[in-house]
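Top to bottom, those sequences are chains A and B. Be aware that the first sequence starts at 596, since it is given in the numbering used here, and climbs by one per residue. Be aware that the second sequence starts at 187, since it is given in the numbering used here, and climbs by one per residue.
Simulated from the structure, these hints should not be mistaken for lab results. Glycine is no exception: its CB is placed at the ideal position from the N, C-alpha and C atoms. The reader is advised that the hints may include incorrect statements.
Claimed, not checked - A few chain A residues that face chain B, going by a derived Cβ cut-off under 10 angstroms, partial list only: (1) W749; (2) R843; (3) P930; (4) D932; (5) I942.
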Amino acid sequence: MTSLLVIIVLVLLAVALWQLTKIFDLTQVGSSVDNSQVANDNDNNVQGYLMFGFLAFIYILTIYGLFAWGGLVLHTPASEHGALVDSLMNISWVLLFIVQAITQVLIHYFSFKYRGKSGQKALYFADNNKLEAVWSIIPAVVLAGLILYGLYAWTNIMFIDDEEDTVVIELYAQQFKWSARYAGEDNVLGKANVRYIEGINTLGVDMSDPNAQDDIVVSELHIPKGRKVHFKMRSQDVLHSAYMPHFRAQMNCVPGMVTEFAFEPIYTTAEYRELPYMIEKVSHINELRAQKSTKLVASGGTALDPYTFDYLLLCNKICGASHYNMQMKIIVDTPEDYKKWIKEQAILAVQVKEANAPAPAIGNEAPAQDSVIVAPVVAVK
Amino acid sequence: MSAEGHDHGHDHEHEHHHKETFITKYIFSIDHKMIAKQYLITGIIMGIIGIVMSMLFRMQLAWPEESFKIFNVLLGDKWAPDGVMKNDVYLALVTIHGTIMVFFVLTAGLSGTFSNLLIPLQIGARDMASGFMNMISYWMFFLSAVIMLSSLFVEAGPASSGWTIYPPLSALPQAIPGSGMGMTLWLISMAIFIASSLMGSLNYIVTVINLRTKGMSMTRLPLTIWTFFVTAIIGVVSFPVLLSAALLLIFDRSFGTSFFLSDIYIAGEVLHYQGGSPVLFEHLFWFLGHPEVYIVILPAMGLVSEILATNSRKPIFGYRAMIMSVLAIAFLSTIVWGHHMFISGMNPFLGSVFTFTTLLIAIPSAVKAFNWITTLWKGNLQLNPAMLFSIGMISTFITGGLTGIILGDSTLDINVHDTYFVIAHFHLVMGISALYGMFGGIYHWFPKMFGRMMDKNLGYVHFWITAICAYGVFFPMHFIGLAGLPRRYYTNTNFPLFDDLQNVNVLITVFALVGGVFQLVFLYNFFASIFYGKKAVQNPWKSNTLEWTTPVEHIHGNWPGAIPEVHRWPYDYSNPNHDVDFVPQNVPMKPGEEVLHH
Numbered sequence: 596m597t598s599l600l601v602i603i604v605l606v607l608l609a610v611a612l613w614q615l616t617k618i619f620d621l622t623q624v625g626s627s628v629d630n631s632q633v634a635n636d637n638d639n640n641v642q643g644y645l646m647f648g649f650l651a652f653i654y655i656l657t658i659y660g661l662f663a664w665g666g667l668v669l670h671t672p673a674s675e676h677g678a679l680v681d682s683l684m685n686i687s688w689v690l691l692f693i694v695q696a697i698t699q700v701l702i703h704y705f706s707f708k709y710r711g712k713s714g715q716k717a718l719y720f721a722d723n724n725k726l727e728a729v730w731s732i733i734p735a736v737v738l739a740g741l742i743l744y745g746l747y748a749w750t751n752i753m754f755i756d757d758e759e760d761t762v763v764i765e766l767y768a769q770q771f772k773w774s775a776r777y778a779g780e781d782n783v784l785g786k787a788n789v790r791y792i793e794g795i796n797t798l799g800v801d802m803s804d805p806n807a808q809d810d811i812v813v814s815e816l817h818i819p820k821g822r823k824v825h826f827k828m829r830s831q832d833v834l835h836s837a838y839m840p841h842f843r844a845q846m847n848c849v850p851g852m853v854t855e856f857a858f859e860p861i862y863t864t865a866e867y868r869e870l871p872y873m874i875e876k877v878s879h880i881n882e883l884r885a886q887k888s889t890k891l892v893a894s895g896g897t898a899l900d901p902y903t904f905d906y907l908l909l910c911n912k913i914c915g916a917s918h919y920n921m922q923m924k925i926i927v928d929t930p931e932d933y934k935k936w937i938k939e940q941a942i943l944a945v946q947v948k949e950a951n952a953p954a955p956a957i958g959n960e961a962p963a964q965d966s967v968i969v970a971p972v973v974a975v976k
Numbered sequence: 187m188s189a190e191g192h193d194h195g196h197d198h199e200h201e202h203h204h205k206e207t208f209i210t211k212y213i214f215s216i217d218h219k220m221i222a223k224q225y226l227i228t229g230i231i232m233g234i235i236g237i238v239m240s241m242l243f244r245m246q247l248a249w250p251e252e253s254f255k256i257f258n259v260l261l262g263d264k265w266a267p268d269g270v271m272k273n274d275v276y277l278a279l280v281t282i283h284g285t286i287m288v289f290f291v292l293t294a295g296l297s298g299t300f301s302n303l304l305i306p307l308q309i310g311a312r313d314m315a316s317g318f319m320n321m322i323s324y325w326m327f328f329l330s331a332v333i334m335l336s337s338l339f340v341e342a343g344p345a346s347s348g349w350t351i352y353p354p355l356s357a358l359p360q361a362i363p364g365s366g367m368g369m370t371l372w373l374i375s376m377a378i379f380i381a382s383s384l385m386g387s388l389n390y391i392v393t394v395i396n397l398r399t400k401g402m403s404m405t406r407l408p409l410t411i412w413t414f415f416v417t418a419i420i421g422v423v424s425f426p427v428l429l430s431a432a433l434l435l436i437f438d439r440s441f442g443t444s445f446f447l448s449d450i451y452i453a454g455e456v457l458h459y460q461g462g463s464p465v466l467f468e469h470l471f472w473f474l475g476h477p478e479v480y481i482v483i484l485p486a487m488g489l490v491s492e493i494l495a496t497n498s499r500k501p502i503f504g505y506r507a508m509i510m511s512v513l514a515i516a517f518l519s520t521i522v523w524g525h526h527m528f529i530s531g532m533n534p535f536l537g538s539v540f541t542f543t544t545l546l547i548a549i550p551s552a553v554k555a556f557n558w559i560t561t562l563w564k565g566n567l568q569l570n571p572a573m574l575f576s577i578g579m580i581s582t583f584i585t586g587g588l589t590g591i592i593l594g595d596s597t598l599d600i601n602v603h604d605t606y607f608v609i610a611h612f613h614l615v616m617g618i619s620a621l622y623g624m625f626g627g628i629y630h631w632f633p634k635m636f637g638r639m640m641d642k643n644l645g646y647v648h649f650w651i652t653a654i655c656a657y658g659v660f661f662p663m664h665f666i667g668l669a670g671l672p673r674r675y676y677t678n679t680n681f682p683l684f685d686d687l688q689n690v691n692v693l694i695t696v697f698a699l700v701g702g703v704f705q706l707v708f709l710y711n712f713f714a715s716i717f718y719g720k721k722a723v724q725n726p727w728k729s730n731t732l733e734w735t736t737p738v739e740h741i742h743g744n745w746p747g748a749i750p751e752v753h754r755w756p757y758d759y760s761n762p763n764h765d766v767d768f769v770p771q772n773v774p775m776k777p778g779e780e781v782l783h784h
């Protein structure tokens with residue numbers, strides 16, 4: 596069936612092609628026969644009008660795109676710095692649309708307007724320094740503005756103030772899985788290196804480091820609303836990239852070094868789900884999924900689950916065969932919920948001790964470890 | 187100079203009596219015109235392979251859950267059992283598609299073809315400075331293409347870590363099967379390719395500097411030659427850096443060094459690597475990688491400038507500004523590589539510097555675009571297929587170039603980096619634009635290469651379908667990129683978040699398939715015209731440059747008699763002092779004729 600369809604499509608394409616050449620041939624009727632394959636007045640006329648038509652195509656495609664697909668793009672940033680990124684983005688878009696709209700008109704309108712006619716002579720216009728200056732200086736001024744705004748935003752986002760009160764979390768990447776390590780009550784991560792990887796200590800935390808004693812390792816990322824989260828990223832094998840599109844955040848994870856990114860979430864997951872744009876987006880997605888489910892069920896498959904929005908951490912640097920499925924759910928909690936959640940998580944040192952214990956452990960003295968005095972140094976390798 | 191040329195002309199006539207064998211004429215030829223054709227045809231064959239690959243992975247993206255017999259037919263039982271493409275094969279296809287299109291089609295196929303064809307013909311030289319080196323250059327390119335294609339047939343598959351081959355993924359076969367033998371062959375192929383490219387570039391530089399005919403000063407060179415010349419310089423400056431990166435990667439892979447690797451735990455064991463950094467590789471790679479996009483686009487710009495002026499019957503507007511902008515682009519291109527690495531983990535301060543230098547490139551680019559548009563203004567446009575592709579190139583270059591202002595801004599790059607937005611941007615600004623330049627060049631110089639004309643109506647059909655499909659493919663990609671869809675995902679079905687993008691993906695694929703299939707029109711036109719095209723006249727487009735003063739039939743040494751002397755710039759179209767609307771460069775100035783341009 597598919598192959599039949601393919602054949603039909605190919606035949607139709609061939610017919611369309613033949614028709615098109617025929618149309619171009621017919622436009623030659625009446626003109627003196629020109630064997631040279633060089634454009635004659637008729638060609639110039641036809642192609643000139645087509646150029647003008649192509650301008651319409653570009654404009655229609657742009658306007659259609661804005662209406663049909665404009666709603667698909669990322670909306671309301673979920674992080675504090677996101678507004679800065681988005682406003683720079685919007686300013687850039689306005690400028691680009693103006694330039695694009697004008698230049699495309701000029702290109703295609705000139706191609707139409709000045710289409711050749713025999714016996715006509717072009718204007719000999721070789722250079723004009725004033726014009727060159729105009730289109731060097733105007734872009735230069737506009738770009739200077741964009742550069743300054745961009746650098747201001749970049750500096751604000753990327754240079755992390757160590758004095759600030761932040762939640763320190765390590766994002767740990769491996770083929771094809773994310774983990775997160777919380778620094779615990781001391782807010783300092785214990786040292787780590789892949790050479791310490793052993794048993795359930797899959798992140799290679801140095802268990803002899805005092806700072807490591809209260810570290811918590813999880814596979815679902817919870818972060819509190821309204822506090823800056825300072826991510827320190829590591830990878831154990833190849834390059835990965837921690838991409839959190841709703842937070843306008845991305846940083847590569849590089850084996851052998853620690854990279855950083857920090858942002859402050861401003862909507863909890865529950866709040867973000869209730870944003871009008873997100874409600875609309877999710878219902879649209881669920882419509883599409885329902886359609887697909889009907890088809891699946893009809894062909895004996897199982898229906899798809901309905902979708903509820905969650906923030907995601909995606910891998911965005913090619914990292915191997917299953918790169919396309921390396922993700923982790925991010926949940927932004929209210930500060931209270933976050934506190935509650937973190938209390939419930941098992942402490943790595945305890946887990947390691949339990950795993951290593953030859954016999955059932957006698958007492959549960961792990962929480963006492965929390966009182967270890969913290970040295971104010973960067974503890975991550 | 188002229189006398190010398192004359193002697194050479196006589197030499198040639200003697201040579202002509204020696205019977206040229208098939209091998210010396212068509213295979214190991216040292217004639218630049220034959221070498222140009224060899225580059226072109228090799229480039230076209232590589233292009234077919236690259237485009238077919240893209241059609242396959244576009245089908246996978248549009249209909250990820252379907253099975254296609256064609257996958258099984260083309261990829262075999264191992265890679266597409268039951269017609270379902272495997273996930274690492276998808277990555278192999280995108281990797282080899284990128285490598286082939288960037289290096290083998292748009293670098294060697296474009297620059298190799300037209301630099302070889304036009305440099306001697308347009309500057310008035312009998313051949314390249316070293317014909318022998320030129321021949322070696324082509325055959326090394328051919329060898330590297332063969333090695334690259336043979337990597338498709340090794341057991342674990344070809345390189346599949348993206349065309350940027352970032353280690354550690356490209357260094358460790360444990361990380362992805364393609365990083366075994368496939369990657370070794372990729373690196374060997376590229377090393378040979380770089381050697382070939384260097385020999386070609388040195389030849390172009392030396393030829394342009396030394397072998398210009400009498401009167402052909404640097405400011406009378408056609409813009410094609412200026413762009414080829416500057417491109418060759420960029421290549422000589424930056425390609426060796428990629429060679430060193432490739433060599434160091436070979437050391438890391440095969441001899442246990444740690445240039446790019448450190449602290450790696452994979453497949454249950456800690457590897458011995460210590461102290462290297464993948465970020466170093468990224469720096470070395472992009473030190474070539476970014477200039478590379480200008481190596482691709484500058485020759486296309488030169489071809490477009492020449493075609494626009496000839497077919498507008500007008501001087502190219504702002505000839506000197508065009509040269510200055512090419513030089514500015516060339517200089518800036520070598521100091522912007524870091525904009526590929528804003529979020530690589532390098533110091534954010536460097537990001538600031540690279541944002542600044544990157545956005546500066548928009549200035550000379552704007553100068554070029556506006557000069558082209560002004561060239562069209564009040565012209566007498568001859569809308570030949572070559573001209574349509576050139577006008578199309580201005581359009582796609584602007585559309586694609588403008589989004590570079592977003593990607594070059596480090597703040598905005600954070601969120602669109604490595605998404606489909608990037609794919610849309612670079613395919614329009616360097617992929618499609620350079621391809622249009624190449625197509626324009628082929629339609630325009632086909633009579634010079636093969637002595638026959640291509641069919642114009644097929645050319646028109648080819649252009650319009652290609653133009654619609656190119657926008658149809660890449661315009662919607664901006665939107666799905668802004669929706670946060672990462673590139674190099676085998677399927678998006680694991681992310682319900684992206685379910686609403688699937689219809690757009692289907693639309694893109696439909697355009698890609700139609701656009702891809704319709705390149706057959708070009709192929710048919712090209713190959714049929716070589717044998718059955720209408721015989722060309724000497725100067726079909728009424729052009730000013732010297733290549734059209736050579737006879738239609740190719741001869742060794744290009745001109746049967748003396749090399750013509752040059753008396754004027756190449757853009758005297760519609761000069762008010764002359765009755766005809768073109769004045770070739772070898773026409774002497776009339777008594778009292780003034781130079782009307784700067």
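Against the structure, the hints:
no.: 1; hint: W749; in the structure: 5 angstroms, holds
no.: 2; hint: R843; in the structure: 5 angstroms, holds
no.: 3; hint: P930; in the structure: 26 angstroms, violated
no.: 4; hint: D932; in the structure: 23 angstroms, violated
no.: 5; hint: I942; in the structure: 23 angstroms, violated
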